[in-house]
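A.B. asks: So the chains spell out like this:
Protein chains: 2
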Amino acid sequence: MINLAAMKTVKNPLLVTGSVAYDTVETPNGISKRQVGGSASYASIAASYFCKPSLIGIIGEDFTEKQIFETHQIDLSGLQSQSGKTFFWHGKYKNDFKERDTITTELNVFEHFLPSLLPSHQKIEAILLANIHPALQLHTINQIVNPKFIATDTMNLWIETARDNLEKLTKKIHLLIINDEEAEQWTNETNLRKAANILLEKGPEFVIIKLGPDGALLFDNHQERKISAFPVNEVVDPTGAGDTFAGGMMGFLAATSQFDFESIYTAMKYGSSLASFCVEQFGLKKLVGLDANSIHRRVNRIF
Amino acid sequence: MINLAAMKTVKNPLLVTGSVAYDTVETPNGISKRQVGGSASYASIAASYFCKPSLIGIIGEDFTEKQIFETHQIDLSGLQSQSGKTFFWHGKYKNDFKERDTITTELNVFEHFLPSLLPSHQKIEAILLANIHPALQLHTINQIVNPKFIATDTMNLWIETARDNLEKLTKKIHLLIINDEEAEQWTNETNLRKAANILLEKGPEFVIIKLGPDGALLFDNHQERKISAFPVNEVVDPTGAGDTFAGGMMGFLAATSQFDFESIYTAMKYGSSLASFCVEQFGLKKLVGLDANSIHRRVNRIF
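Respectively, the protein sequence lines represent chains D and B.
Residues are numbered in this note's numbering as their position in the first sequence, beginning at 1, plus a constant of 926.
Residues are numbered in this note's numbering as their position in the second sequence, beginning at 1, plus a constant of 926.
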């Protein structure tokens, strides 16, 4: 088991691009208004426990919560600030969190977002393209000088509306992260083993299929692995769980600079541990300010 | 993926010792009286899909169901028949199958059972000691000339009442199969990873910890794996599921004559597939007469 305390002085970089947002989240148990959200927010904070993330994203002039990222020593030199309002999403979970409806999506400044990398960002070897439009994900990696490992998260919307861009993207990445429904949607294959094989043929060396409360599967062309999810007592808000998983996992990989099958398998447990904290409170509330021991303790309970 | 049809002509032997019984099983949904049960019954029938099991056990003169085993080409030359009644167990499941009470246990002929191996049995290299008193399991393997791979299943009762025999046994075996509660009971360790390490120190090269509906874990001193269980629509009778898992897995291993970590991992999926059929009906009802394709189809859904 890696020593997290020791890693604090290492601080390998990780490039994280994605959305930064204000979210209003309704659940059967309550509502949380204008909490900080967005794929890059969850992912970079999760990654910050293991490495130094550089957040590439955009916020509007109404965004007043930069200190969340600063406290986690996240490099914000790639976080553009523009006049206008921050991306806003309002969603409502129902049926025991199995479904969610989008009430509102206001793109706001995100409409004009084009990820633009500083020279220091272009040299980063480990890259997480958190969930945004695949055209923006492509635009990001086209600026990278010498990528060593690129992981991509995506969602049902892009599989439906931007399939061409996604297929272009998958040729250039090393790891595709997707959930079971999306894998089925993309491949028309209900058997996840077969779906993974179809996705591997599209280019990535590794595919992770997330199974929500049932954990996640890792595939390459030779083997497969399964990890469980940590059994949380009560889910309060599942928003960002997938982004947190991806961020924690990639942060761990960037910190160790090992990107082979076994390393990814280990890293998934760290991502899963962080995701389990994420869902126990609204938004980022429980994900910020964790200590290394609590993260470890849950990793030890994930198989 | 191995070709089951082709294997039908191979028929490697597997020695299976354990109990043959009549069971009366009560569940929240019904009762099944005097169905054929016992660890060796479930295990040898499950194994018969991949190899030729030799069943070492004992029945009373009231036992009229030998043809179940004969139909599955199980070698019965080691099945002793004695005057008196067959081992009888009456159990009642409650709380959604999470608990069961034993109403009656009548040892009958089993009280005087001493596994006695014919010369042909003594040369078998793959051995499954299905769940019986560890003294009888020890007595069995002491007669084996040149064992290549010995797997042992056990239960809470023996951990409580025959710990010394169990510890002697574990020094001589290659694979210990146990469930999560038993692992905790034996090691006083709630963390299954740590519990597995303690059990590995007792002698076996591999430890499998069964998790019921959550699948099973495989450990050796270097690595670990998890498989899921096939999600059955309705559990009718969980009796024998663990025996079926062990039998199917060992049958598969015996058929391939490979006993390394990766082979065991693959074999577990076959055991898990068979166990999923087992629980869908009372007793052996659904486990007998399966076709290779249905077993395969479920293996393909186990990760």
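None of these hints come from the bench; they were simulated from the model.
Worth double-checking, as some hints may not be accurate.
Reference listing, derived: stretches of chain D covered by chain B, where coverage requires no fewer than 3 residues with Cβ under 8 Å from a Cβ of chain B [to be verified]:
no., segment
1, 948-959
2, 1008-1014
For lysine-lysine, the following BS3-like pairs were computed, each having C-alpha atoms within a straight-line distance of at most 30 Å [to be verified]:
no., chain 1, residue 1, chain 2, residue 2
3, D, Lys1024, D, Lys1049
4, D, Lys1024, B, Lys1211
5, B, Lys1211, B, Lys1011
6, B, Lys1011, D, Lys1212
7, B, Lys978, B, Lys1212
8, D, Lys959, D, Lys1049
9, B, Lys1212, D, Lys1120
10, D, Lys1020, B, Lys1024
11, B, Lys959, B, Lys937
12, D, Lys992, D, Lys978
13, B, Lys1098, B, Lys959
14, B, Lys959, B, Lys1018
15, D, Lys1074, D, Lys937
16, D, Lys1024, B, Lys1024
17, D, Lys1024, D, Lys1211
Cβ atoms here follow ideal geometry from the backbone N, Cα and C, with glycine treated the same way.
A.B. asks: Could you run down the list of hints and mark each one as holding or not?
C.D. replies: Against the structure, the hints:
1. 948-959: Per the Cβ count (0), the hint is violated.
2. 1008-1014: violated (count 0)
3. D/Lys1024 to D/Lys1049: Violated: D/Lys1024 and D/Lys1049 sit about 40 Å apart, past 30 Å.
4. D/Lys1024 to B/Lys1211: violated (35 Å)
5. B/Lys1211 to B/Lys1011: Holds, because 22 Å separates the two Cα atoms, which is no more than 30 Å.
6. B/Lys1011 to D/Lys1212: Measuring from Cα to Cα gives roughly 62 Å; hence the hint is violated.
7. B/Lys978 to B/Lys1212: Between B/Lys978 and B/Lys1212 the Cα gap is close to 20 Å, so the pair holds against 30 Å.
8. D/Lys959 to D/Lys1049: violated (38 Å)
9. B/Lys1212 to D/Lys1120: It holds: about 28 Å lies between the C-alpha atoms, which stays within 30 Å.
10. D/Lys1020 to B/Lys1024: holds (28 Å)
11. B/Lys959 to B/Lys937: Cα-Cα ~34 Å, so violated.
12. D/Lys992 to D/Lys978: The given pair, whose Cα atoms are some 16 Å apart, holds under the 30 Å limit.
13. B/Lys1098 to B/Lys959: With a Cα-Cα distance of about 38 Å, the restraint between B/Lys1098 and B/Lys959 is violated, given a limit of 30 Å.
14. B/Lys959 to B/Lys1018: holds (12 Å)
15. D/Lys1074 to D/Lys937: OK: D/Lys1074 and D/Lys937 at ~17 Å, within 30 Å.
16. D/Lys1024 to B/Lys1024: holds (25 Å)
17. D/Lys1024 to D/Lys1211: holds (22 Å)
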